[in-house]
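Please model the complete structure; the sequences and the hints are all you need to start from.
Chains Z and C, in that order, give the protein sequences. With this note's numbering as the guide, the letters of the first sequence map in order to residues 745 to 1177. With this note's numbering as the guide, the letters of the second sequence map in order to residues 43 to 380.
Because the hints were derived from the structure by calculation, they are not lab data. Check before you lean on any hint, since a few could be wrong.
[Unchecked claim] Heads up, incomplete: computed chain Z residues facing chain C, CB under 8 Å, no partners named:
| hint | residue |
| --- | --- |
| 1 | Asp834 |
| 2 | Asn866 |
| 3 | Ile867 |
| 4 | Lys939 |
| 5 | Leu954 |
| 6 | Gln999 |
| 7 | Gly1000 |
| 8 | Gly1005 |
| 9 | Val1006 |
| 10 | Ala1007 |
| 11 | Gly1041 |
| 12 | Thr1136 |
This one's a predicted model, so the numbers in the text were calculated from it and none came from an experiment. Don't be surprised by glycine CBs; every beta carbon is placed ideally from N, CA and C.
The chain contents come next:
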Amino acid sequence: MRRTTWKAAMAAGVTGALVLTGCGGGSGAGGPAAEGVGEFTGEYDGPDVTLSYWNGFTGGDGPFMQDLVDQFNEEHDNINVESNTIQWGDFYQRVPAAVQAGQGPDVGVMHLDQLATHAARNIIVPVDDLAEGIGLSEEDFTPEIWDAGIYNDARYGIPLDVHSLAMYYNTEHFEQAGITEPPTDEASFMEALDKLKAAGFQTPFWMPSLWPGHLIWLSLTWQNGAPYSDDGTEALYDSEEGVAALEWMRSMVDQGYSPPGVAIDAQYVAFKNGQNSITWDGIWQINDLESNNIPYGIAPIPTIGDEQAFWANSHHFFISRQGAEDENKAAAAQVFIAWMSDHSDEWAGSAMIPARESVRESAAEFPQGVIAEEIESMRFLPPVPGVGGVQTEVLEPAVANSVLGEEDPAAALESAARRANELMERNREQFGD
Amino acid sequence: MATTVTAPRSDTVSDDRRGGAPRRGDPHRAGAAPWLFLAPYLVLFVAFVLGPIVYGLYISLHRYDFTLPNKPFVGLENYTDLFTPGSVTFDVFWRAMRATAIFTVMSVPLLLVVPLVIALVMNKKFPGRNVFRALYFAPYVLGVAVVAILWRYLLDANIGPVNYYLGLLGLPDDTNWTTSTPAAWFALVGVTVWWTLGFNAVIYLAGLQDIPKELYEAAEMDGANRWQQFRNVTLPGLKPVLSFVTMITIIASANMFGQSYLITRGAPGTETRTAIYQIAETGLRNYQMGSAAAMSYVLTVFLIILSLGVFWLFREKQARKKEPPLQAAPMALRQGRG
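Next comes the structure, spelled out in structure tokens:
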């Protein structure tokens, strides 16, 4: 008796440990899902299914997405989409773990620069047939959005929208300074800054050290060259163009257009408070500015370098391995994505730019229309697994350090490039190239 | 700490019983009963402490990404990398360890002394004492996210009120509290002290209340002044509490993460990125879980050595001065928490 109880107690303990370790161990990749989700028929007439749909639209874009989901549920009797909204920062930590445990999304939205990483991890499955079935083709998109969704010759995402860096300016400040047109190149930009200073706006253009500082650096580098080699295997941070871009950013502080030591979000809050006149930030801020009644204008960022180019990203629909394993869910997920893609014109209300050319005209009536016209100038990160992690680990601190004046741009980028290449090499080993 | 004080007591109990006749409740005759009583805790302990420790060691010996099918065994590579200058993890890890050390060295003395001073004041009788006690403890109930977001805006160099008011007082108003060192360290330590001093103060307070009044009366009789009373009655009386507070404060400071993650984002560059921060980045964001596990074991070894040092420090003094061990502390702690 004594012994049995002892054994039972130990057994319970060990089982607990095993359950725990089992979660971490996971079942490993592979399996039938790797081939894709099967042919898209355009309709779903199977038994009732509930799709778990995850996204990260926590800002002004959230309500628009919820409206679309509600509308879809109303129109489809046998499909029920349950959405789960998680901040993007947590989203990319949770999705792999959740899918691994079978508790994740069946279908979801993620950023273009994350597709390759998740494809390599076998979290999401190819959707080539779906793209074909919906009738999507390269002609409907700019090649960059279209191509960046491809990893190892398979398509992993259906583009929903694009969003980019843009220039916001305070129209009242511009009026007082006698500026009639938003600046478009370096000469007119510097002239505008000087006029603003003359009109009493001491620090008209705050240079953020952290987010979106690295997006500004990427944009400026693309205006002169490229931050990554064409095949995406090498970081070229310390190229002449990269160094010039970072030196220009720091010069905004040195010349007194920006106060030193701008912390995260400070430049945007300052813009909302009327403390600065121009800020470069993402177009996702539009609804926030609108709802705060700030007198603002929006324009593409000026061409400081050789040719117009600016950072952009894109939201793509994906189907998870978990969703693909169930035939009915896979079919229903495809119907959902196809429907969403067709309705992406309504999504323009969220301040995003529809990715499909055929629906993009609808964005013209929105504030982001002026950016949508520049879609050819948008630049996307290369579809390389793990590139997002490399940037947060290496590029962002280097940019921040230089903008803060703690480190010389050339030196900072040189060591960042070296470390980025080490990390990218390690990623290649890890993902088996 | 509690065990060091109570251990002799339980020893005497079992010694008594070993000599006498076997009785009901004797551990040697109880059979399954003690294990049954232990079982709920044992299950939790094995599942959430022992299991993960062992599994973590296993992870640290592999190139481990839980989403990938192959997690190759790499032996001690993750550890040797941490000690090889020029490797992918060497620089970042030791910079993070340095940041942790800076924060610990700066914050622990303050977190030991300031709450003690406050506890001494709060131990006096004066009107509104309870209000002040509540005020000092209040920040501790806030979550780290609330504290961090609050102070991130208050301390912002360009739009925050702290610099603005400093300016009004005629003090320098251009300190970059969150984006330059050493200002960022002062900010992080200051916020941490403000946030957590209440907890240490409450423990001190409980300890103070358990020092027998007679000792103070006797001291007064002998003509001891306030300072002499503090040195010869209060401090020795607080010693067990002090060693406990020192230990948990060091460990809490060495595990600092939320403040720098949310207030400075590790800025400038990665200067204020602590060891835990780096471990989270490496393991949870970049999926290098083998490296991250190795880092956490190295950090653990450091903390164990540090804890042993603190233990030794407090024990050694106690032995040398030949003071009777004070039994008051565990009671005080129980009262303080109950």
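Tested hints:
no.: 1; hint: Asp834; verdict: violated (10 Å)
no.: 2; hint: Asn866; verdict: holds (7 Å)
no.: 3; hint: Ile867; verdict: holds (6 Å)
no.: 4; hint: Lys939; verdict: violated (22 Å)
no.: 5; hint: Leu954; verdict: holds (6 Å)
no.: 6; hint: Gln999; verdict: violated (17 Å)
no.: 7; hint: Gly1000; verdict: violated (13 Å)
no.: 8; hint: Gly1005; verdict: holds (3 Å)
no.: 9; hint: Val1006; verdict: holds (6 Å)
no.: 10; hint: Ala1007; verdict: holds (5 Å)
no.: 11; hint: Gly1041; verdict: violated (22 Å)
no.: 12; hint: Thr1136; verdict: holds (7 Å)
Comparing the model with each numbered hint stated earlier shows that hints 1, 4, 6, 7 and 11 do not hold.
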